[in-house]
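Peer 1: Chains as they are written, first to last, in numbering that gives the first Met the number 0: chain A, 0 to 348; chain B, 0 to 348; chain C, 0 to 348; chain D, 0 to 348.
Think of the hints as simulated: they come from the structure by calculation, not from any bench. A virtual CB, placed ideally from N, CA and C, is assigned to each residue, including glycine. Certain hints may be false.
Below, simulated DMTMM-like cross-link-like pairs (lysine to aspartate or glutamate); rule was C-alpha separation at most 25 Å, straight line [unchecked claim]:
1) Lys124/A to Asp334/A
2) Lys279/D to Glu57/A
3) Lys263/D to Asp47/A
4) Lys279/C to Glu257/C
5) Lys251/B to Glu218/A
6) Lys263/A to Asp47/D
7) Lys251/C to Glu218/D
8) Lys279/D to Asp260/D
9) Lys263/D to Glu57/A
10) Lys191/A to Asp47/C
11) Lys124/B to Asp47/B
12) Lys251/B to Glu218/B
13) Lys251/A to Glu218/A
14) Lys251/C to Glu257/D
15) Lys279/C to Glu192/D
16) Lys124/D to Glu138/D
17) Lys124/D to Asp47/D
18) Lys263/A to Glu57/D
19) Lys279/A to Asp47/D
20) Lys191/B to Asp260/D
21) Lys263/C to Asp47/B
22) Lys251/A to Glu218/B
Where chain D lies over chain A, by a calculated footprint (3+ residues, C-beta under 8 Å) [stated by the list, open to error]:
23) 44–51
24) 207–217
25) 286–294
26) 335–347
What follows is a set of in silico ranges between Cβ atoms, one per label pair, in the way DEER data are often shown [stated by the list, open to error]:
27) Arg31/B to Lys191/C: 43 to 53 Å
28) Gly189/D to Glu272/C: 33 to 43 Å
29) Lys89/D to Ala270/C: 51 to 61 Å
30) Glu138/A to Gln210/B: 20 to 30 Å
31) Gln267/A to Tyr206/D: 35 to 45 Å
Number of protein chains: 4
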Amino acid sequence: MTTQTLNAAILGASGYTGAETIRLLAHHANVRIGPITAHAQAGRSLGDLFPHLHPFAERNLVKAEDVNWDGVDVAFGCLPHGTSEEVLGKLPDHVTVIDLSADFRFRDPRTYAVHYGRTHTHPDKTRSAIYGLTEFAREALANRPPIIACPGCYPTASLLAIKPLLEAGIVLPIDIIIDAKSGVSGAGRGLKEGNLFCEAAEGIHAYSVGQHRHAPEIEQELSLASGASVLVNFTPHLVPMTRGELVTCHLKLAHGAEVGDVRKVLSQRYAEEPFVKVAKAGACPDTRWVRGTNLCLLAVFADRIPGRVIVVAVIDNLVKGSGGQAIQNMNSAFDLPESEALTMEPLFP
Amino acid sequence: MTTQTLNAAILGASGYTGAETIRLLAHHANVRIGPITAHAQAGRSLGDLFPHLHPFAERNLVKAEDVNWDGVDVAFGCLPHGTSEEVLGKLPDHVTVIDLSADFRFRDPRTYAVHYGRTHTHPDKTRSAIYGLTEFAREALANRPPIIACPGCYPTASLLAIKPLLEAGIVLPIDIIIDAKSGVSGAGRGLKEGNLFCEAAEGIHAYSVGQHRHAPEIEQELSLASGASVLVNFTPHLVPMTRGELVTCHLKLAHGAEVGDVRKVLSQRYAEEPFVKVAKAGACPDTRWVRGTNLCLLAVFADRIPGRVIVVAVIDNLVKGSGGQAIQNMNSAFDLPESEALTMEPLFP
Amino acid sequence: MTTQTLNAAILGASGYTGAETIRLLAHHANVRIGPITAHAQAGRSLGDLFPHLHPFAERNLVKAEDVNWDGVDVAFGCLPHGTSEEVLGKLPDHVTVIDLSADFRFRDPRTYAVHYGRTHTHPDKTRSAIYGLTEFAREALANRPPIIACPGCYPTASLLAIKPLLEAGIVLPIDIIIDAKSGVSGAGRGLKEGNLFCEAAEGIHAYSVGQHRHAPEIEQELSLASGASVLVNFTPHLVPMTRGELVTCHLKLAHGAEVGDVRKVLSQRYAEEPFVKVAKAGACPDTRWVRGTNLCLLAVFADRIPGRVIVVAVIDNLVKGSGGQAIQNMNSAFDLPESEALTMEPLFP
Amino acid sequence: MTTQTLNAAILGASGYTGAETIRLLAHHANVRIGPITAHAQAGRSLGDLFPHLHPFAERNLVKAEDVNWDGVDVAFGCLPHGTSEEVLGKLPDHVTVIDLSADFRFRDPRTYAVHYGRTHTHPDKTRSAIYGLTEFAREALANRPPIIACPGCYPTASLLAIKPLLEAGIVLPIDIIIDAKSGVSGAGRGLKEGNLFCEAAEGIHAYSVGQHRHAPEIEQELSLASGASVLVNFTPHLVPMTRGELVTCHLKLAHGAEVGDVRKVLSQRYAEEPFVKVAKAGACPDTRWVRGTNLCLLAVFADRIPGRVIVVAVIDNLVKGSGGQAIQNMNSAFDLPESEALTMEPLFP
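Could you put together the complete structure from these sequences and hints?
Peer 2: Right under this line is the structure:
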């Protein structure tokens, strides 16, 4: 393993994913936080935007175009989609790009164009980018690819739950129903009425039903896993909490398969994983049990309807679903201990 | 219509359903609140338990066995299951019983025994009780049945969403998946660790997966609606909010049926209903839009998977899911205006 | 008393105070809701902005300048300050104006200019407006004054707690400390980062310390009550809840006065009031006990420091602190039953 | 500095303070977590009680009386008061006791008896215990005293704000008003109705006004600081959030002192402190800016009333107000780096 110190740039630090990446990197033994960028907020100090990042409060935010990239080893892209690929696509080759946006997640730029409403300006780069669901990407990551596309928060939880089951052929690649629930931080720091405290507290609603852009992303990966063209029912709900994401996957068992087999497949697949754990039968994982951490907890339940199974996954959308997995990918790509900076316990209560 | 004043007893006023029934009855033009009972808390004033019920703060709580039933017209049973049927089963015949517990919901006392772990002591009464999902029970209610069993909160929302679709044959009676989300008040006022603020705030988890007692209740009614023996996937989640319940029903369309047909069936079925409304296409009903009211809002969404449909229902679990529907049933049974005492607007924000 | 039906206009219905006024007026026996205005949102339906206002969902929002004032009896001004006096100051004389903004609260337009940073364009109207803290304004309201300025939410709670004590000379008009706590709805529906769920949930902070514009308003009224020029320490805090306001008043007793005397003065002053109640010794009023209602609860506590007393007041900032008191003022001015449309019980839990 | 590894026992791990101490110690470079005790829950695994403590999930809880104290270096007492001194008072001399309960906070056991309603059974030990407000106790801690009494959460915040000001003589030791606000975790994990989600969410109330047991504790320390006998107005409020505590101190300036002097005294006093910071003029510290950390942020504000000043302090009640300060005290007493295991950034949002 390397003992180097990496110089990391954070691009787009005015949002929650940027701030979370900084929070997690703050005590990384092998990372020095280098340039921190923002666009509209350039010129202000990071402490003005995020007073909780005490050690970096005096750091000035600069524009991405003003960064001197010499000596920068890795860039975390925390920019909005669209902006992201335009900025990241032009970085010098010596910078390893870890993108937290959606811009490099699709292997086919046409799919991206359909769902994100714009033509990709670096189609070759998105074709060759690595989809960084770490637990399934280590071989590719070991080559330190130029661009690592971190999965969306919902896809992270959904794929960790379903992908091994399709690969094992133990559930069917049809009628996959993912009923998802997320805290409000998943919507970012943008000023939208629906994200106001008074509009989000003390209530729940579904949103983007059948139309959420994480659905095609999940479908891409599940199709690769199953060899078939998979469509999913993906139904997200906004929950009055800040962090946390839970997906409830309602699945059809393959002929002859039983619930215990499902638990066994997942347990075996993740037996050596530091961040994915399968709960004991009967336990109902709570997002509080992973808050602030890079963990994903899975649980398997019998359905009352024969031939079906329910798999639940919980993550912290800002950690395993965003900044934490990004760091896990960096650790993996740079041959650092994969858990470095990611070993904290959940903040409970 | 009658212009009488009914004398109503509230049995079991130390819990949330009892308090909510009193809150709603407080300004009912045709009801006088008579005896208010509690067991462990008998002898205390209602204001000691529920300081928000200002007009009744000085009312003394008495034991159910000490009530003089002469002159009492209607009894709202807000007791725990088990206790409920033992107390209510013995009331004099002139008292119309409206039970908010589970005790008289099952037409077959053996089903009750299986799921509630005890033998019903009034099996004949449960066989003849009316299942008071008001919108489907008016004919039976018009005869002022001796016992009206109010549906559970989850069954209320689920049945209002699914029952007309099965009756119309537009969705299939198989693979019915009800992914449900409830606020914490659904768990009552009992002292359980999981209901503490620090354990319920800022997180979400599934519970009683595949084993919740509202599942057989839903199955009973859907089986009646479809003529087949229906099993459902019923997966409830605890959401960090006090009131509100949302069920997301993932359904298979009958051959040839389309999403628009589903919206049409529901719209027609509820066109004249004061408390059930179908949202416009695209709207995502929020539990905040019904908070404190007897309303149920429904919405229909296309699934990405062909041949499927998603129906969402939201209610306030303490009103339409409990005390409000109980009063609606009373209004209906006593030939009072059905909306009396139930016309408030939601408390938003 | 009158049996007329008043035609009420709501000016500025895109914010929470406007929506709350409509919610409360919805079932007022003597009011018909007439024109509903908004500026940026004109042309949309009210249901687009506030889906919970079901009976008015189809109502179109119009611009204030497009209202035909013939036949309008009363106008509720729910506009931002500045805009408010400019719009309301020009209404025809036959319209009784009930303003929920700050624009007509100051008897001296120079004080307004200092604290609101603009010159009042209707200085004579603000001089003659009635400060509508209903419990202290009935005599003036009985004459149906042209403009009624509803107090701010914090002043409402603070003045109900302190004013009778200064009038009785039982506390000193010096070192008056008002430590205040408010839910987020007090900040309105505007898109500010601090009002986002993720920024307001799970934390508390003080704001505008020593500089909040409700301080001079409180000082104006307490100076009138005491005959001296009163300054107050007013320290507000933002609490992670939607509705509710609690003020904790730390006061010095007059020589020889005791805590029991304070409770007695308040109890006597409010003995006949429908909306102000003094809690029993020992009770700690909770904002939940008034949520959704026009009530103000007061409580008196001994201080550990001799010669001091603590008075707590709780209100719902959107009802008694805004739309509810506005309707109470209208009822009073039009000789309607003062509690009409304001008799609901709190929504608890 | 030492490079030893300390063997630490956690006594009373079924509550939040015990769990939080374990969470923080989990990655302490010089600590191995040894025996973990509970009374009613003995025999269960820690994971049964606190599933979020993943690395210790399999650890068995034992009764305190069954612990073999050989080889244990330090015991963290997380027991209820009363139980605490009875258990801790009997530990062998080689164990350094760090008590998070109130039992050893009072230098005079008679004061303890008055406020905690029981006679101390180890009066000599409480007389000689060190009051571990770390920033003011380092000299005494350096001698590794047998018993370190960690301050209460409210006293921690209050004393950090006020004590240097009294020591400097810049505020008067009279009319000290501490208006305090705490999250629900301060009330512990006990099953009390007031701590239920439905009773604590969406509202605020004062409690124990004039009677809270943290008042005499604050008075003890402020009296020592000022040389006079100090009484304080201490008025706590319960805020609907899990973690966090904010105290608003309303103080009288000494003759001639100004607000800027107050800020200067605090800034100088804490200039070298790792965990106490004074905010820039104008900033309003938020409990979110310290959540999950051992930080205390202070801010100084001008009062509208001349001759007065307002000082605000925020902490995380479970860290600096409990488990974190306990570890800080251990680090100090054992000559370890004082910040070891306490350098995490706040969890925001």
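Peer 1: Of all the hints given earlier, name the ones this structure violates by number, lowest first.
Peer 2: Failing hints, ascending: 11, 17, 20, 24, 30 and 31.
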